[in-house]
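A.B. asks: Using the hints, put the two chains back together into the complex; each one sits in its own frame.
So the protein lines, in turn, are chains W and A.
361 is the number that my numbering gives the last residue of the first sequence; the numbers go up by one with no jumps.
322 is the number that my numbering gives the last residue of the second sequence; the numbers go up by one with no jumps.
What the hints contain is simulated information worked out from the structure, not anything from laboratory work.
Some hints could be false.
To be verified - In silico lysine to any residue, SDA-like type, Cα no more than 20 angstroms apart, as pairs: (1) W:303 / W:160; (2) A:182 / W:276; (3) W:211 / W:316; (4) A:186 / W:249; (5) W:325 / W:127; (6) W:122 / W:329; (7) W:333 / A:298; (8) A:159 / W:356; (9) A:317 / W:361; (10) W:325 / W:194; (11) A:4 / A:59; (12) A:12 / A:22; (13) A:280 / W:358; (14) A:182 / W:259; (15) W:325 / A:147; (16) A:317 / W:349; (17) A:317 / W:356; (18) A:280 / W:337; (19) A:186 / W:259; (20) W:122 / A:270; (21) W:122 / W:332; (22) A:186 / W:255; (23) W:302 / W:185; (24) W:325 / A:140.
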Amino acid sequence: MNIFVCIKQVPDTTTRIKLREDGNGIDEADIQWIISPHDELAIEEALRLREQQTGSIVTVLSAGPERVTDSLRMALAMGADSAVRLDLPSDADSGMNARALAAAIGKLGPADIVFTGKEAIDDGAAAVGPLLAVFLDLPSVTVVNGIDYRDGAITCRRDVGGGNIEVIETPLPAVVAAQVGLNEPRYATALNIIKAKKKPIDTLSADELGVTGADRKTRLKNFELPPPKQSCRIIEGAPADQARELIRVLAEDIQVI
Amino acid sequence: MKILIIAEHKNGQLSETTRELFGLLLGQAEVHAVAAGENLEPLAGPLGQLGAAKVHLIGSPALASYTGESLGQALGQFIPQLAPVAVLAAHTPQGKDLAPRLAAALDAALATDCIQVSFNDGQVTVRRPVYAGKATAEVEFTDDSLKVITVRPRTVKAPELDAARSAEVIPVAVELPEQKTVLKEIIASDNARPDVTEAAIIVTGGRSLGSAENFSVIENFADSIGAAVGSSRAAVDAGYRPYRDQVGQTGKVVSPQVYIACGVSGAIQHLAGMRTSKYIVAINTDPEAPIFQVADYGIVGDLFEVVPLLAEAAKNRNGS
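For reference, chain A alone in the conformation it holds in the complex (with noise of 0.2 angstroms):
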């Protein structure tokens, strides 16, 4: 049983939601990975340590940028060639554009956003959340065809790098039809913190932190153990930040290893968005806000006397 691993990698590098992938449960399935764009040979070598058998290197200029496009298009010849059991993405806005892209023009089966993956005696046994975490199911595949897989970040860890293995590299040449979607521009966004869909840790406040300003107290706080800032959609409507940091149903959904909730009640969109992350931390006055019932650790109080605190604790800590 064949399966390939669409690798996603910058300047070099392999992303980390790509290294996750080789953590899934692949059994004995017969792992490649295929990478697409300029400069890919640094890759061939940490995916092969990493459990790749096979290395497809698809050199080209016209895919050194991403457009879905120009990429489905390129996997979309190389994937028949291969003919694997099933390809796997990371759920990445990347991985997002893609995989149905390639599920239409192979005619595959299609499951996005998956959080438990698993091949083993040539089943494959896929589960995600529906309703935003509120529920998860089983994918069942009706039929054999191709299934295009995308797996949320963090669902595993990455498997340490193993030396003694390689894999063997093997060139592909596709050839692009002149594209109608072109990359004119990417705007970079000023916000030096992680983004909340790929970040171990998040630090989230609610309306109740009462301006923009006083968020500087959650940013603080984030920054001091290296966090991403996310928001309720109270918040968010109020003005105190902007869309990208929502966490809920309407706005992101996340899993990250820890997830800080401050002065957050935990409206039941919100719980959607956020109730996969490992470990769920609450900072609330109000003993009963329901964010404490999926919570793994609370404290009660007022998060702009606690919270400092803690931003305070966690730099003493690192400065010791």
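Looking at chain W on its own, in the form it has when it is part of the complex (with noise of 0.2 angstroms):
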């Protein structure tokens, strides 16, 4: 099979954000970035099922700046077979993003299936999956946390909150978005990481992939970091009347329950 995986790299979630003196974006000095963790759930599925399907190979791709060259390198210390960057502004929204996506894998394919994360946790925008489906004309399913392979067809485990899942049956190939729950990833090992330094990545320019400006439809600006909040209001007293006042406070100020 001929297996894609679409991932992106992201600030850690340890990160504190600084905003840039313009206000029209991060300051990206000293982040420390990863793999968002969705999409490490789509590559190890991705890997899980070349393991079942001998002669299959994973292709990674990632959208984005020079630096996004380490995460492609970790996905390769993971196990995928290759990694292609396509080089796009870091500032890119998620529609050209999947434009270039969709055109890389254009290239490179037919893809069997293709794998990305439910969400980024960056813009948490949770559309490249969709966006790139109906690029491909592709079915797509999203936020899968389970899947059963048959030949040709798969049936996925759907979340759609609250604990609910829907069981979605669709032919092959699909793009599938993952969910937590849909296996745990591996870790790269020491060994690995040192040799996937060696290995080669390819770029695809915007020119190659024929993504253009006209491409990118949003974009981000004005940013601000939530307001300080006011002091806190520390209840005291005894347990009881502690709980008393705070049943109180949301019963007749907040007038919530």
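C.D. replies: What follows is the structure, given as structure tokens:
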């Protein structure tokens, strides 16, 4: 099978966000970059599928500037066969990224299956999977936490919130967006991380992908940090009094119960 | 300027998240609503009373249960006929799945999970969280393409129904091609509590609960006030709670009216997932815990002592 995985490089979850002086983005200095956690599930699923289907190839794609190469190397260290960076600006929107990914899969494919994460933890847009599927004219299933593979088709468990699950059947090829619960991603071993440093990473330019500025329809600007909270009102007293007072606040001041 | 609201509904009832969309600053826009599925007639009255001028009903058994493919195709046919400036949907499991499909099919601009949306003097202004709420940013639309916008539940209150208003009802026919994806089954959760993404109140426990069984303290209190039960990542990783309850950057990002954190220290990735809550209450033995820096109300104390008393106080209040 020809298996593709689309990943995004994002700031580590422990990052404290600082804004750029012009307010139109974040200060990227000192950021530790990681593969977005749900995208690691997508890589893992691709590797497990390759293990079931002999002769399969796992190709990992990521759109972004030069720094993205590090995350692609990490995907190679986890076990992917090849990695390609799509040379797009760091502020490309979901639509532009999905256009580029679709074009790359068009060039390198055809795909038998494409995995993405359910969303990236930077913009949380949850958009690239379904966008990409429409651009490739493939069916897509989002927020998937379980897959049964059969010949030419898959049955997916889709997490629709509150613990409810939809069981969706789709023929392959298809685009599947991975949710926590799908698998436990493996760690790359130190040896494989060293080996991955020597592996080539191809680059496709926006020109080669046929992506232009017109494919970007949104731009983020005027970033703001959340306003600092007014100081916290500490409720004092004996525990039973504290409890009664908090319930009174919920009922009378906030009027939520 | 035409705006189209995509209505979600179940058993003839509009979902609360759809009602809320009418509470956004829609200015002088001509508000349309569309609903698809079966037995849609009961929806037209409330949609009109909420403020829709026209209600488009796509009646079709093939749309009775949601799949992104079928509703995406149906709306993909209908929306160009109406030619609105913007399409609004709630950022629910359905809206999240549907919006990017529509944006791709209609070559539209996409802004998801927005927390401010206003339509003033023909200008659409939209703001959304980034880095799971560690910051927010305005979404600039760089051309005049159709805009597909999803709005985070509980961003604004739903307006009251205005009995004096009613909408013109327009039936719409679409032709669906053969479907590739098939919804085989819906496995309903055994969770009787509201989901954390849609609850008005969330009571969250952390790893300091110490075991899955001890979460009954949190559950009892949550049930006494009709709240959802949330969990920190550490408590999920420790196996105390299922992933569906996890609040934080790698779990669910939530904005309830009140978020009550019990024994949660407030790791940065947890704060990112809940700091847009309207009110935050922290209960923790450590007065230096970072959670108090984002809290509006705090109790410094042992959750095992305080939380059962909260449940008792809530029940007493209800009983009185």
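A.B. asks: Does each hint hold? Answer for all of them.
C.D. replies: Cross-check of the supplied hints:
1. W:303 / W:160: Holds, at roughly 19 angstroms.
2. A:182 / W:276: Status holds; Cα separation ~9 angstroms.
3. W:211 / W:316: holds, 17 angstroms
4. A:186 / W:249: Cα-Cα ~16 angstroms, so holds.
5. W:325 / W:127: The given pair, whose Cα atoms are some 7 angstroms apart, holds under the 20 angstroms limit.
6. W:122 / W:329: holds, 8 angstroms
7. W:333 / A:298: holds, 7 angstroms
8. A:159 / W:356: holds, 19 angstroms
9. A:317 / W:361: holds, 11 angstroms
10. W:325 / W:194: holds, 14 angstroms
11. A:4 / A:59: The given pair, whose Cα atoms are some 17 angstroms apart, holds under the 20 angstroms limit.
12. A:12 / A:22: holds, 16 angstroms
13. A:280 / W:358: holds, 10 angstroms
14. A:182 / W:259: holds, 12 angstroms
15. W:325 / A:147: Holds - the C-alpha atoms of residue 147 (chain A) and residue 325 (chain W) are around 19 angstroms apart, at most 20 angstroms.
16. A:317 / W:349: holds, 14 angstroms
17. A:317 / W:356: Cα-Cα ~15 angstroms, so holds.
18. A:280 / W:337: Roughly 15 angstroms separates the two Cα atoms, so the pair holds.
19. A:186 / W:259: Distance of about 9 angstroms is within 20 angstroms: holds.
20. W:122 / A:270: Given that 20 angstroms is the threshold and the Cα spacing comes to 14 angstroms, the pair holds.
21. W:122 / W:332: Holds, at roughly 14 angstroms.
22. A:186 / W:255: holds, 18 angstroms
23. W:302 / W:185: holds, 13 angstroms
24. W:325 / A:140: holds, 5 angstroms
Of the hints listed earlier, there is not a single one the structure fails to meet.
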